[in-house]
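A.B. asks: Residues per chain, in single letters:
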Amino acid sequence: MPHITFKEGLPGIRGPMVFSPETSKPLGDLVQALLAGPHTLTPAEREMIATYVSSQNDCYYCQSCHGSTAAQHLGGSDADYALIARIKQNYEAAPISAKMKALLAIAGKVQRGGKYVTAADIERARQQNATDKEIHDTVLIAAAFCMFNRYVDGLGTWQPTDPEIYREIGQQTSQQGYVGRDYDKRLKAIEATQGKSHD
Amino acid sequence: MAHIRLLEGITGILGPMAFSPETSKPLNALAEVLLRGPNTLSSADREMIATYVSSQKDCYFCQHAHGAVAAYRLVEGTNFQNALRKALS
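These protein sequence lines are chains A and B, in that order. According to the numbering used here, the residues represented by the first sequence are 1 to 199, in order. According to the numbering used here, the residues represented by the second sequence are 1001 to 1089, in order.
One thing to keep in mind: the hints can contain errors.
Here are some chain A residues the structure puts well away from chain B; computed CB gaps all over 10 Å [as the list claims (entries may be wrong)]:
| no. | residue |
| --- | --- |
| 1 | P2 |
| 2 | P16 |
| 3 | T23 |
| 4 | D29 |
| 5 | A85 |
| 6 | E92 |
| 7 | A98 |
| 8 | A105 |
| 9 | A119 |
| 10 | H136 |
| 11 | E168 |
| 12 | Q171 |
| 13 | G180 |
| 14 | D184 |
Partial chain B-side listing against chain A, Cβ under 7 Å, derived [what the hints assert, rightly or not]:
| no. | residue |
| --- | --- |
| 15 | H1003 |
| 16 | L1007 |
| 17 | E1008 |
| 18 | I1010 |
| 19 | S1024 |
| 20 | P1026 |
| 21 | L1035 |
Hints are computed from structural coordinates only; laboratory data are not their basis. Each residue gets a CB set at the ideal place from its N, CA and C atoms; glycine is no exception.
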């Protein structure tokens, strides 16, 4: 049960986002700029970084949502979902680019603590032609998801385990992005259809 | 030395903030709401939370920047502050 009172039926970060619109606006703008804005890394690649960090932080909701969004950006097949699972388990052995492996290594260091990032980690990424912007954004995605993960778990949010819920979230997010989504309106529509609130 | 090329002479988070305006805008907006926006906790109290977490994370820049703001907010509006203003005017 959540540590404070949220509207029922809103999974994960959506409970606190609806609870606090004044903070959800800049949080939404931040994640939109990081994961969905114009970039030399694909949305799938940036979602992989968010997913890996969330997995290292053991945040079930965030790794499931962003893992599903990454898989949907790749096409949404079972193989795409299997790739995301392999990245979480051992990205060094996963069939992704050497550049992505170097960026995930940096993200993993940031997850442990910013000071763990070494000049050698940066050099490895540069060897794979990672730009300053890509390194900057990798560090900020990793840092931001440490914040999002702690926000979601620190408030004890409801995190359903049905994979279909995350498949749907991944489909919607990969198509619509993160800004201007009215989670409260969607909840009311569900309640109207079902005649009652979720538990 | 910073891991990426940032403008010289700009401290802490201000370097990456200047490097990446598209992310610094929502980050600043978030900090503004959390630490300075209308709230039942005073700005000093909220800066103390930011300072304590930064200290626990051993982030030198953040704990000093927010610690200084918290200290300023604590004396702001007090008689001490007014007395100081009067003395300096």
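A.B. asks: Go through the numbered hints given earlier and state which of them the structure violates, listing their numbers in rising order.
C.D. replies: Hints 3, 4, 9, 10, 16, 17, 18, 19 and 21 are the ones this structure does not satisfy, whereas the remaining hints hold.
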